[in-house]
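Peer 1: These are the residues of each chain, in order.
Protein chains: 2
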Amino acid sequence: MKKNFKGHLIVLSAPSGTGKTSVIRRLLKTHPNMIHSVSCTTRPKRTGEVEGGDYHFIDRDTFIKKIDKGEFAEWAEVHNRFYGTPRAPLEKALEEGKDVILDLDVQGGMKVKGLFGDKAITIFLLPPSVEELERRLSTRGTDSAEERQIRLENARHELAMKDAYDYQILNKDLEQACLEIEKILASH
Amino acid sequence: MKKNFKGHLIVLSAPSGTGKTSVIRRLLKTHPNMIHSVSCTTRPKRTGEVEGGDYHFIDRDTFIKKIDKGEFAEWAEVHNRFYGTPRAPLEKALEEGKDVILDLDVQGGMKVKGLFGDKAITIFLLPPSVEELERRLSTRGTDSAEERQIRLENARHELAMKDAYDYQILNKDLEQACLEIEKILASH
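For the protein sequence lines, the chains are C and Y, in the order given.
Just so you know, the first sequence maps onto residues 1 to 188 in this note's numbering.
Just so you know, the second sequence maps onto residues 1 to 188 in this note's numbering.
Every clue listed holds true.
Here are the computed lysine-lysine pairs in the BS3-like style, where the Cα-Cα straight-line distance is at most 27 Å:
#1 C/K6 with Y/K162
#2 Y/K6 with C/K162
#3 C/K69 with Y/K162
To be clear, the hints were calculated from the coordinates, so they are not data collected in a lab.
Please construct the entire structure, taking both the sequences and the accompanying hints into account.
Peer 2: Here's what the structure looks like:
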């Protein structure tokens, strides 16, 4: 990856329930030069999700063809479903000087760091309280007990890797967390 | 990962059928200071495989506890089975000045590169002929048609990521390939 990237590549990871989506939304709003990379997935579209907004929803065969053509910067199979970060739009945006934010789990985050090295800034968003997060994840919403269990398990997996990130930011206050990310970007 | 590693961390990836195992075996034989990291897995032991030699075979609950304690440098779930690289023995060996060779797929290789940065040397071993490899993989041995299909698919996935590696080595001749790896190590 010896490309000439003028923009920042930001990897943001966080356990589910930490407020990552709000942080990204706010950053995009206050930074017209920042874009959010849209991943491809083979999982079915959920109610309210938008093609090209939340994900590019594609079938398994199309996904596999894209893997073989090297069209993903990184991809992973999770519970028999595929998720991948398209390479071309990402590199094009960075070449044009745009900042690109990637919303990835810790395993995907490390892959992107491996591919882009110093050109990728990895930020881990921490919940104000891990105990509180676990309490919320294990009681929240309409999900089945199994889904809650998986979400809790995933949150623990994510937290176990936080030390591998370039930066860790506590998301106690949305505005404050975004300011800290801006400071990081300004220093790069 | 700002640890004081005196040894080299070598990631070797290659499509199935490229002769990676022979290369590793030979390198270990000619380099008493080199060790091969043994992964953990939840998949069942196959005939002829040795606990602690081929893998550490552990159950799912034990694996998940290790994830949560941050005991893996990287891990992945593939077809509902877990594979992971234990962190502690790896770091200990590198601190002691040993060279450690990791035998990983491209996704795992990128994660380790992301975690260890310049301290990891990634090498992709190329088959002398991709066409010949595909022919062999699709006709080889006692496997079912489905297993052959998966192996072929994986080989294509691996090849698609070869450009992400620090070095690519053609494995036309075993001795020659090992010499090239030695040259790479000597230059680091």
